[in-house]
Amino acid sequence: MHDSFPSAGPPIIDIRRLTRQFGDKRALDELSLAVPRGGVFGLIGGNGAGKTTLIRHILGMLKAESGSVQVFGLDPVQNPVGTLGRIGYLSEDRDLPNWMRVGELQRYTQAFFPTWDEAYAEELRQAFDLDKQARVKSLSRGQRARMGLLLALAHRPELLVLDEPSSGLDPVVRRDILGAIIRTIADEGRTVFFSSHLLDEVERVADRVAIIHQGRIMLSASMDEIKDTHRRVTLHFGEPLERPPSLVGALSSAGQGAEWTYVCSGESEQLRRAAEAIGATVVEDAALSLDEVFVSRVQS
Amino acid sequence: MQLHISANDGLPIYLQIVNQVKYLVASGRLKPGEELTPIRVLAERLLVNHNTVARAYRELEAAGVVEKRRTAGTYVSDQGSPLARRERIKILTERIDALLAEARQMGVAFDDLMKLMQQRGAALQTDRNEE
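Protein sequences appear in the order of chains R and X. Per this note's numbering, residue 4 is the first one in the first sequence, and the count goes up by one each step. Per this note's numbering, residue 676 is the first one in the second sequence, and the count goes up by one each step.
Hints are computed from structural coordinates only; laboratory data are not their basis. Where hints are given, some of them may not hold.
[As the list claims (entries may be wrong)] Sample of chain R residues facing chain X (criterion: CB under 8 Å; computed from the structure): (1) Arg40; (2) Lys140; (3) Arg178; (4) Asp203; (5) Ala290; (6) Ser292.
[As the list claims (entries may be wrong)] Derived CB-CB ranges, DEER-like: (7) Gln677(X) x Ala257(R): 35 to 41 Å; (8) Pro13(R) x Tyr750(X): 38 to 44 Å; (9) Pro13(R) x Arg744(X): 33 to 39 Å.
By construction, the Cβ of each residue, glycine as well, lies at the ideal position given by its N, Cα and C atoms.
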């Protein structure tokens, strides 16, 4: 079995000190991010954190005001042909031409992509239960998302970019989308970059995760590293305490009496020693869910 | 092979797969020589990254619970192998530790717990004989 772990080669997306100002608001603030080739990269952040603005730079829809953006080693603004033809993109608002029929839109999109695989497009259309004759306008929200996904996948892109692919969709359509992400990377060497605020989905499918907050990357690491270095430990102290003593690496704490729980960044062994140093013993030690990591990182 | 994954479990997903397969093997629901669901099929069914499933299978192989065969595919090891036996002892040790801790908390003496253990063992034996 071949593992398509991110390769050590040059990153497929390489962003350096990218800044973007919209009026008074600094949407991206000297943001740097490297996405390795292969695997699934999840970008997580709250509303207005800068996710969509970042994605629009990757697609060359916005020009870098300062800093640089490279995709496949190319500037997507100067070289749209060399980049966009190799990217499959599903936008958050899934802006499709309403007046076209499903079959027409399929043929129309095909013309832009030399690598279009019509047999695969048909397979997806049938799996997604999309009627060729239906007007795009008449599609339900879920069917619209499936149509957008079909168009993003059928040219078998090297890089699949999905902006909030599951937002506002029912669980059945969400399963289709997650399944498509998983099948895409099973195709060796392909990369998926997707933004989401549904962290349980990111936790399921992503190899690597970056947290974006106020236009900056707070954390970018593999899922395993994040799991190993973020723990929830409960400490037992010899006597009841009014408030918890500070613990090295703690991001937040809660509790009462002789037992206090800390959300920490640090590995188990490190935290055990830090606990000993303040005269406490670790009575519970568990990995955090990605949700808890996100909240503790963004609030601290 | 039915597994259930929860992203909010706190336990990394690969470990959930490892633990559940170990349990299925130890409880006899997966028999020695039986093939595990192929990595890609399981990844799609559970909707998790296939690297996660591959990592879980590697850990299970390292623990001696499963083995890869030349014909590709992962199979449940012969449970007579020393590694697999060690794994079973490990699972039981964890459960015994939890039981001992609970008994102590409830104020049940060790000797009483052993007596109860013997009673339950005998009851299980009777049930079997009646089958």
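Against the structure, the hints come out as follows:
1. Arg40: violated (14 Å)
2. Lys140: Violated - the Cβ of Lys140(R) stays beyond 8 Å from chain X, reaching only about 31 Å at its closest.
3. Arg178: Status holds, d = 6 Å.
4. Asp203: Since the shortest Cβ distance to chain X is 4 Å, the answer is holds.
5. Ala290: Because about 5 Å separates Ala290(R) from the closest Cβ in chain X, which is inside the 8 Å limit, the hint holds.
6. Ser292: Holds - the Cβ of Ser292(R) comes within 8 Å of chain X, reaching about 5 Å at its closest.
7. Gln677(X) x Ala257(R): 35 to 41 Å: Given a distance of about 36 Å, which is inside 35 to 41 Å, the answer is holds.
8. Pro13(R) x Tyr750(X): 38 to 44 Å: holds (39 Å)
9. Pro13(R) x Arg744(X): 33 to 39 Å: Because 37 Å falls inside the window, the suggested range holds.
Of the numbered hints listed earlier, those contradicted by the structure are 1 and 2.
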